Amino acid sequence: MSTEPRARLSSEIAAKIRNHGAETYPHECCGALLGRELADDLREIVALFPLVNRRDDSPRNRFSVTSYDVRDAEKAARRQGLDVLGWYHSHPDHPAKPSQYDQDHAWPWYSYIIVSVANGEPQYMTSWRLSDDRTKFSPEDLEIRERANVGAGP
Amino acid sequence: MAVKVIIPTPLRAYAGKRDSAEFSASTVGEALGHLTTEFGELRKHLFTEDGKLRSFVNVYVNDEDIRYLAKENTPTKDGDTISIVPSIAGGISCNCCSSGCC
Numbered sequence: 381m382s383t384e385p386r387a388r389l390s391s392e393i394a395a396k397i398r399n400h401g402a403e404t405y406p407h408e409c410c411g412a413l414l415g416r417e418l419a420d421d422l423r424e425i426v427a428l429f430p431l432v433n434r435r436d437d438s439p440r441n442r443f444s445v446t447s448y449d450v451r452d453a454e455k456a457a458r459r460q461g462l463d464v465l466g467w468y469h470s471h472p473d474h475p476a477k478p479s480q481y482d483q484d485h486a487w488p489w490y491s492y493i494i495v496s497v498a499n500g501e502p503q504y505m506t507s508w509r510l511s512d513d514r515t516k517f518s519p520e521d522l523e524i525r526e527r528a529n530v531g532a533g534p
Numbered sequence: 002m003a004v005k006v007i008i009p010t011p012l013r014a015y016a017g018k019r020d021s022a023e024f025s026a027s028t029v030g031e032a033l034g035h036l037t038t039e040f041g042e043l044r045k046h047l048f049t050e051d052g053k054l055r056s057f058v059n060v061y062v063n064d065e066d067i068r069y070l071a072k073e074n075t076p077t078k079d080g081d082t083i084s085i086v087p088s089i090a091g092g093i094s095c096n097c098c099s100s101g102c103c
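Going down the list, the protein sequences come from chains E and L.
Sequential numbering from 381 applies to the first sequence in our numbering.
Sequential numbering from 2 applies to the second sequence in our numbering.
In short, the hints are calculated from the structure, not lab data.
The structure displayed is predicted, hence computed values, not measured ones.
Quick reminder that beta carbons are idealized off the backbone N, C-alpha and C, glycines included.
Please note that the accuracy of each hint is not assured.
Unchecked claim - Here are the simulated DSS-like cross-link-like pairs (lysine-lysine), alpha carbons at most 25 Å apart as the crow flies:
(1) L:K45 to E:K477
(2) E:K516 to L:K53
(3) L:K18 to E:K455
(4) L:K45 to L:K72
(5) L:K72 to L:K53
(6) L:K5 to L:K53
(7) L:K45 to E:K516
(8) L:K72 to L:K5
(9) L:K5 to E:K516
(10) L:K53 to E:K455
(11) L:K45 to L:K18
To be verified - Partial chain E-side listing against chain L, Cβ under 7 Å, derived:
(12) E408
(13) S447
(14) V450
(15) H474
(16) R514
(17) S518
As the list claims (entries may be wrong) - Derived contacts from chain L toward chain E, CB cut-off under 8 Å, selection only:
(18) L54
(19) G80
(20) A90
Please take these sequences and the hints and turn them into a complete structure.
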């Protein structure tokens, strides 16, 4: 039995992440993933909190969310009875794999969703979690379900 | 009375699942020192190997960012609340070097 953590989200939420990546292309998009933990290895993302990429010096290959934005995202989550489970961003014209820069600026527990965008078209979407010792990202299984099924069954 | 340190959700697993801890401390640095002594696994997520706060880790005393006060030497008093808030950053590897400098 796999011990890979899972993040469940609706196809609608998945489409919003992809579309955000397409809208900001060739710049990176970013935002917060709001939801709830269902178990240690299973969480459900039920809303997004899109954010502005604050890196105006190199927005094609970097994104930055200030601590003030983080606090805003946390407040938005609390208002909905949710937690900030993680963050999403896009990799314009690059694979949906975390970079060393991603790893250096991450915390464990958070889900980090990356969507690759090639020539303006969203492609693959992956999710990752940082290891306890900070040495690597491990994949998190993304369970994309039709909206009616989100919240049903493990 | 003491200084209360709020432990952010992602790091609670390294602090016995606690959401806060209280210490007697006269500065932010002292409080964070107590925190990472009591919960050693927290240290690497807050500090670099040479003991500096990681660039994406932001610390507030009662909603005031310590970067605009006296950083880790910012004085604290009984009843203060210290919050640890990450800024989130990432992106693709740069092409100018192998260290992700830009």
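Against the structure, the hints come out as follows:
{"no.": "1", "hint": "L:K45 to E:K477", "in the structure": "holds, 23 Å"}
{"no.": "2", "hint": "E:K516 to L:K53", "in the structure": "holds, 21 Å"}
{"no.": "3", "hint": "L:K18 to E:K455", "in the structure": "holds, 21 Å"}
{"no.": "4", "hint": "L:K45 to L:K72", "in the structure": "holds, 19 Å"}
{"no.": "5", "hint": "L:K72 to L:K53", "in the structure": "holds, 11 Å"}
{"no.": "6", "hint": "L:K5 to L:K53", "in the structure": "holds, 21 Å"}
{"no.": "7", "hint": "L:K45 to E:K516", "in the structure": "holds, 14 Å"}
{"no.": "8", "hint": "L:K72 to L:K5", "in the structure": "holds, 17 Å"}
{"no.": "9", "hint": "L:K5 to E:K516", "in the structure": "violated, 32 Å"}
{"no.": "10", "hint": "L:K53 to E:K455", "in the structure": "violated, 28 Å"}
{"no.": "11", "hint": "L:K45 to L:K18", "in the structure": "holds, 17 Å"}
{"no.": "12", "hint": "E408", "in the structure": "holds, 6 Å"}
{"no.": "13", "hint": "S447", "in the structure": "holds, 4 Å"}
{"no.": "14", "hint": "V450", "in the structure": "holds, 5 Å"}
{"no.": "15", "hint": "H474", "in the structure": "holds, 4 Å"}
{"no.": "16", "hint": "R514", "in the structure": "holds, 6 Å"}
{"no.": "17", "hint": "S518", "in the structure": "violated, 15 Å"}
{"no.": "18", "hint": "L54", "in the structure": "violated, 12 Å"}
{"no.": "19", "hint": "G80", "in the structure": "violated, 21 Å"}
{"no.": "20", "hint": "A90", "in the structure": "holds, 4 Å"}
Going through the hint list in order, the structure does not satisfy hints 9, 10, 17, 18, 19.
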